[in-house]
Amino acid sequence: MKYSMTFIAVMFFSLHSALAAPPKDTCITCHSALEGDLAKPAKLFEGDVHHQAGLSCADCHGGDPNDESMEAMSRVKGFRAAPKKNQTPDFCARCHSDAAYMHRFNPQMRVDQLSQYLTSIHGKRLKQGDSKVAACVDCHGVHNILPASDTRSTVYPANVAATCSHCHSDPAYMKAYKIPTDQAARYQKSVHAETLAQGDTSSPTCSTCHGNHGATPPGVSSVASVCGTCHVFFAQLFEKSPHQAAFAKLGLPGCVQCHSNHEIVRPTDAWVGSAPQSVCITCHAPGDKGYTAAQAMSADLAKLNSSLARAENVLDVAERAGMEVSGAKLELADANEALVKARVNIHTFDDSAVRKLTDSGVEIAAKSYQAGVAALRERDYRRKGLGIALIAIVLAISGLYLKIRQME
Amino acid sequence: MANSNCKTPNWWEQRFGPGMGEFLRHKTVPVTRHIIWYYLGGMTLFLFIIQVLTGILLLLYYRPTPNDAFESVQYIMTQVRFGWLIRSVHSWSANLMIFTAFAHMFSVYFLKAYRKPRELTWLSGMLLLFIVLGFGFSGYLLPWNTLSFFATKVGTEMAGSIPGIGKWLLVFLRGGQEVTGATLTRFFGFHVAVLPGLATLLLLIHLLLVQRLGMSVPPSVERAIAEGRTPQRSMPFFPNFLLRDAIGWYAALGVLGGLAAIFPWELGTKADPFAAAPAGIRPEWYFLFAFQSLKYLPAKILLLEGEFAGVLGFGLAALVWTLVPFLDRRAGSGAVSRFFTGLGVFVIGYIIVLSVLALR
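Quick note, the sequences are listed as chains A and B, same order. First residue of the first sequence: 1, per our numbering; consecutive thereafter. First residue of the second sequence: 409, per our numbering; consecutive thereafter.
Source of the hints: derived by calculation from the structure; they are not laboratory data. There may be inaccurate statements among the hints.
The list that follows gives simulated cross-link-like pairs (lysine-lysine, DSS-like), each with its CA atoms no further than 25 Å apart [unchecked claim]:
(1) Lys561(B) x Lys708(B)
(2) Lys708(B) x Lys403(A)
(3) Lys575(B) x Lys435(B)
(4) Lys575(B) x Lys367(A)
(5) Lys303(A) x Lys289(A)
(6) Lys678(B) x Lys329(A)
(7) Lys132(A) x Lys77(A)
(8) Lys303(A) x Lys403(A)
(9) Lys24(A) x Lys84(A)
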């Protein structure tokens, strides 16, 4: 009886172990035991998105992961070795272009990466036999590929610029292509890099303007469209402005002409007008219509700015004195909004459109200023009232004191 | 023949008899080196009257709903003539009243005025102090601004941490699971009806007991008189002491006016129940020591939740403090009671140190 129980227990645990054991993968087992480059894929693959999705080495490389002999890596078993650079896009696309297969893992996943890549400058050159250009693994890595949403991924928005600059900032590597290599350095000074670094992952990085798989530099005629995907109102106003036709005629790129491309810094009101920092005077000269309009817009912006500063100052003083001016401050927000709108309307290059907005802002700011002045008048009135009341109180206290002295 | 010295009764005496006049003529106040502390009760009463009067005026415009509360206070501050003065005086006077009530309580404690036969005067005074704190807590929420909203949330959460009745108490205070319009209506009801009713009743009892038992002479002075080291001195309550009281009240009025004109009570921003709590949220100054103490407590103390242990500790301490006249038997017999004096010094030190730490 005792032996029967032991036998049943042994059988139970053996069966349990057999059922609980993970599926056999001789690729990982053998490569993990190797050294150097042959061990690397097995070690890296642990954190790879494909491994996380349940795929094995054999899903990309073929072979038989159950076979413990070298036969596992034979052509008979369907083994495919590491692809050459020019084979990589097709190698990855076997799955990534197969909608039925990919949607098993993520129904939202795109499957047009290869077709896009073939339209890119990278894809075209690779087809022509240039193996220096970027293919899938150059940007995404190999065996340690992470989803783009992972902050450690090379294609996570905050890391894209570093990934692109790996090649594009290397003068020796890029020498043959005769294109600048300072894009990343200039981008790092831009307002886009600044907001991205602050955690706003919707801020543009290289791939936002150039595309990712279909990466190509936007041409002169398409710059406004590229910027306009985010800066919609600016693009619409520019399209209707006299600059649209003039720039096209002169072959000037739209937005980039004033804002630059990679080093897009925060614009200031000094950019408009005829002062040395102005971008208008790079094309317009004294006496022409554009020069006069630029001067008028600059003056209107300055007028609204000074009205706002004056109102804000008096309201701050009143607020520090404990006066309730939240209503006036709320109204002043409308004047600030008028300033923002006026700045946007600079892109109409129509001084009367800008003036209409600045005038409404100046009017609101004047009302807020008056509210602040009234609050300060009220403060003074209260303090005078307090002074009179205190005199009356001191007199009353003195009277009481004298009365007590008289009684005692 | 009628007695020619017999005084004709005045209008009051004709109707109510000589009681009040006689009482005022004969009521005296002991004159000792501690007399300054005797004015604190009257000062607290004066500030309470200010609260009642300004509170009634605020009621003319205040609307206790989440949509209107903030705007109605804003309206009082900006549009109603002298509304700013009334609201600021109400807020400043509330704080000064809590300060003078605490000062009055501690002066009574250190002068051992709670000893036999004034135990009930002390008890009614302590209950009044708790009601005054209730006024502060309920009134703080009424402007419905960000700070008051989140401070009330934290304050009621503390009550909710009590095992057993905590959940019930939290729902009772809030009028639901969260701080909402129901809480505002409820706090308004407490602030303008329940607490004033209780306060008036207790105040009458407290004043009646003070008149009935007279003002206490500290034991040290009593001993000095008994040993002939100092003469027994007193002054008439009316008009001598009352005129001195009036000087203090006028001064308080001046301070209140000054504070209201130079530092009008802030309104802040309207409460947004869906917004995150602002950083550095803390209760009014008189609850700071308790708030800071709870912050230092670990998550668990023996088998109890840390917060509950803290609330329980403060509850027990308040109970012991309230029952001091029955615990301090030495003071009752006129002897020196150093332990209770030391305890008082420790409590004051604890409140000051913890409050300062909370403000840092």
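Against the structure, the hints come out as follows:
no.	hint	result
1	Lys561(B) x Lys708(B)	22 Å, holds
2	Lys708(B) x Lys403(A)	63 Å, violated
3	Lys575(B) x Lys435(B)	50 Å, violated
4	Lys575(B) x Lys367(A)	51 Å, violated
5	Lys303(A) x Lys289(A)	21 Å, holds
6	Lys678(B) x Lys329(A)	14 Å, holds
7	Lys132(A) x Lys77(A)	32 Å, violated
8	Lys303(A) x Lys403(A)	64 Å, violated
9	Lys24(A) x Lys84(A)	28 Å, violated
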